[in-house]
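Read in full-length UniProt numbering, the sequence shown has 16 at position 16, and its numbers run on one by one without any break.
Source of the hints: derived by calculation from the structure; they are not laboratory data. Please read all numbers here as calculations on a predicted model, not as lab measurements. Every clue listed holds true.
Simulated DEER-style distance windows between Cβ atoms:
hint, residue 1, residue 2, range
1, 570, 787, 38 to 44 Å
2, 57, 176, 48 to 54 Å
3, 103, 332, 39 to 45 Å
4, 450, 1102, 37 to 43 Å
5, 899, 792, 58 to 64 Å
6, 635, 924, 45 to 51 Å
7, 1065, 157, 34 to 40 Å
8, 307, 187, 34 to 40 Å
In the DSS-like style, the derived pairs of lysine-lysine whose C-alpha atoms are separated by at most 25 Å in a straight line are:
hint, residue 1, residue 2
9, 355, 570
10, 1006, 1120
11, 1120, 929
12, 466, 355
All C-beta atoms, glycine included, are put in the ideal place defined by N, C-alpha and C.
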Amino acid sequence: MSMSNMIDESMSRWSQAARASEDIDFVKDAEPETLSVNPVGDFSSRTPQSKYDIQPWSTGAVFALPTEYQTILDLLGQQVESSPTRLALYDGQTSWTFAQLNEQVNTLAANILRAGVRRGDVVGVALPRTGIAVIALLAVMKCGAVYLPVDPDYPQERIEAILEQACPRGVLIDEYPPCGLQQAIQHVTTPLWRLETLLCAGEAFPSDYPSPQREDTAYIIFTSGSTGKPKGVLNHHGALLNLALSHRQTIFERTLSQLKQTRDCPVVRAAHTTSFSFDASWEQILWMIHGHTLYLYSNEQRRDAFELSRLVEQDHIDALDLSPSLFYQMLEAGLMTMSHVPTLVLVGSEAIPHKLWQKVSEYPALIVENFYGPTEYTVDAVSASFKVDDTPVIGRPIANTRTYVLDETLTPVPTGCVGELYLAGAGMAQGYLNQPGMTAERFVADPFVAGDVMYRTGDLVRWSEKGQLAFIGRCDDQVKIRGYRIELGEVENALSVQPGVAQAVVVAPPFAGTHRLIGFCVLTPDYARQLSGEHLAAAVAQVLPDYMVPSVIEILDEMPINASGKIDRKALAAMPLSVTRRLGRAPQTDIERLLCQEAQSLFGVSGISAEDDFFSLGGDSISAMALVNRIRQQGYLLKVKDIFVEKTLEKIALQIDHHQHAGVPHVDDSAAPILMSDDVRAQFTAEYGEIHDIIPTLPVQNGLLSHARTSGQQSNYNALTKMQFVGDMDVQRLQQALDCVVLRHPQLLARFDVHILDQAVQVLPQITASAAKQGNRLWPLEICSLNELPSEAQDAALASIESREVLRPFDMDDTRQPLLYAVLVHHHDNQHTLFLSEHHLVIDGWSMPILLRDLLQAYVQTAGLATPQSPERYASVIRQLASRDKSVARQTWSQALAGAQPTLIYQGESPSAQVRDASFQLSPLMTQKLMALCQHNGLTVNSLMQGVWGMILRDISGCEDVVFGSPVSGRLCDIEGIESYVGLFTNTVPVRMRLQPNRSLIEQLKDVQSEQVHLCEHDMLGLDEIEQLTGEACWFDTMLSVDNYPNYDHWFSIDYHGMRLTAMENRGYTHLPLTVFVTPGECLDVLIAYRSTRYSPQRLARRFEQLLEQIIEQPMMALKHYTLAADFAVPTESPNMGGDNHAVSVDASHFVQATMPTSVN
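Use the sequences and the hints to build the structure in full.
Spelled out as structure tokens, the structure:
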């Protein structure tokens, strides 16, 4: 199979991306008044020219590659001419001089051509680890073919996956291939060429055969893919040549200079210890390419630290290339105490442990270089001597290489700040084999060099003050636990610097919808019996927040190693754990045993005791719901509130016992189906078509229907999701996926009637899968393409479509049209934006991740989604919610609001239809302190934010007793499986804050949080019912919302049949003059969306930030001591919207539009 088409497509995408980079507008630098008039216009003439502070050390040495060299084969040819009798290659059985090596390469290349191979064809090499494997790869390249290494010891399934994707012209094998290789080749019907036959003397290699050129593909390396299938990386000859010449002028030259002090005209003996299936295998071959001798060691030898150390002494090895773990083992095995020691060790493939970095300092004569580079940048991109810094760094770029450390907006971060590493230059790969979508996502336009491309590594780094790059961790090693973003590399570093720790690895295996930190450590011999996992956990707890301390730390004799010589993290994650935390009392009662058993299954930890704290085990609100459901399935009653209040399993068990004896809660008679005559049902059928069921509406739905009646039937109180993709979009597959989601959640097609009966009801239509297959689209999808327009016009049109979809009206009187709509826009060649609109009558924020998960899953799966949810079950859930006894709730809310007065700071004002925002972001350090403060005091972030907003309302209103709104999930009830249903269950309730000036906010919030947990049990009353109950027309005109939805960051790493999800944004609405949205994360974000400027929103944002910082630094200070700016609570001169504020949208239906957060807390 020829690579030319693939390369042409990849390069075309690069050039398109590069041209797009020239049109990037940095809106953040523009003055607000330039943006408010035409938010989708051409900014190029109005934005100031962007300037970047790129560190001078971010670019490697620049030199032109000599014109006489096109590939590394030209370098090898020089050695054949100048030193034909010098030993080139030795594999323990056979040796080859450079002349003999050249002869064998030519013979094999000639016979490969005779087999029908042509330039650009892929040729697989599946040979044992001998010198012939090196000869084969050189022969394939000499033919102008593409070298594809296939490890013959790989499992059959992986070999099949590689061959199916690469479609090689043929595969070179030896006489006795392993069983797995034989079976794999039989399944994919690839031609086999036995090496013994091709090495027989035949025709000479044609002297006029054209040599490969720099731009030709040299080899394909398959690496692990996020979808579970390996992905092939295409690397070209020019990149490999650049690496060879860069090494010759730097690290090779330094090594030779040192050897010349003890030898005349030294020839380096380089040991090859890396699998040919990994790009690092080129590292030592380059020594041979430059005229030195390559010693190739077997699989058994290269994996044994003691045997390899012995061979270094026996064969007088000068240069090694090792993984950090193997290097450390060899040092422990006495590598540097032998009669012959190496001069150079190249280290790479994984992060360097702190202990190894320190240990190398004991050998000042040893040259050790840390090389970093992804396969997508041809082996190496940056390097650092172990002597340049006291702590591990990866260094500076190699020759003809540029490095950028950028934030999410592709802006360089300051020295010392963490950003993602991007690479550009001569080592750039050509993309991914048959993966244009993934290629376009990872190889992006370079905004600093017009027309060029850079590779997004996914690695987090920072520049040190010494101008050295330090590796922090992977972007995909960034996990969320209990709502906190955690870099595994940071936890590993904290463990690795502890006395006695030789190696440390931290994994975060999934459990209960989130993750749990597990640490693994190998100890130095002198500490082997002194340290336990518990000791280490206590030590790192002194330097890390508690949410970053591993729940379990295992002590191992050695780390498991995979085929590439790297630490096998998958094996660690699957390893059974021994409990090293403090052992408590064993469960004694049946309920305690059940609870511990379910918690053990939920968290994947053995030996859980009755005294364990649910949250110390890694629990959060989501896993609490999961535990409640598990316990209910066993016939017991447990409430989420009990877990939050009692915390330990033994106390939670007492609550289960209490509920068991308390009897079944009372259910109203209204739990039964809505009674109606046949004539009335016939009216529904005539109006809505074939009906499956008619069920009650919930209180919040009644409120929305009431608003729709007063504001007209064109209602746009919608949820809007914007999803951006890059790659090959299959429109038919998308339509099928949308319909599949509706079939799984048929309640999405519900209509709402307020006329036929004396009450509002939901009408669930009768739908079948056959209806969708017959072409009846269940979820309407509109398709439009902007690709014929110029790039700037595409941007403007896309923005216009988005503005239209934000305000999409649904006709509440059209009984046959669903309250769903989708628009797919094709633009900028291979980019696609999908807008999903759903009226809030059928969906809430909690439902969105469920819906989107099912949509993406249905797109990936050709067979659709399994186990659709039963309409009967959904109807049962709604009837149970609607029929709950409200008498206790009415009493509870009456007591909660007794004596309170509404807090209406915008009373008497008609809010503008235009929505604007003001925002701020806490620094990572302050956010970390805030999280630690909450954790230490047993508070949620939501409680703290409510307290701060309560203080602000107190300052504005002059009242110590204030009220504002807050959304609740509506799912913290005792109805089995409610958390998995799509629908509108969310409710908005009043939050009352009675602030005492002589007490600290933290002290008061503990009481407020307990009261809120209690009130959440009584969320069956809608806001209008609470207002009627208390005799108030309106309790509040501001609201605070802290996100608490499940995390779905992993969706961005999935391959959707050649397409990638690159961005996603959800939008929500309120009808209030001011709403505060808080998004927890690495940096806490606060956004104030407002339709009135009676009180300056900018001042409100500043006050919010100041209060947060004061509370973080002085949490126990009494409220009366907080300072207040003189003009903070003074109304502005005019309540109208000033022209100096940035407008973000216009919404004629008087609903606030704002970006809703999507992360977990």
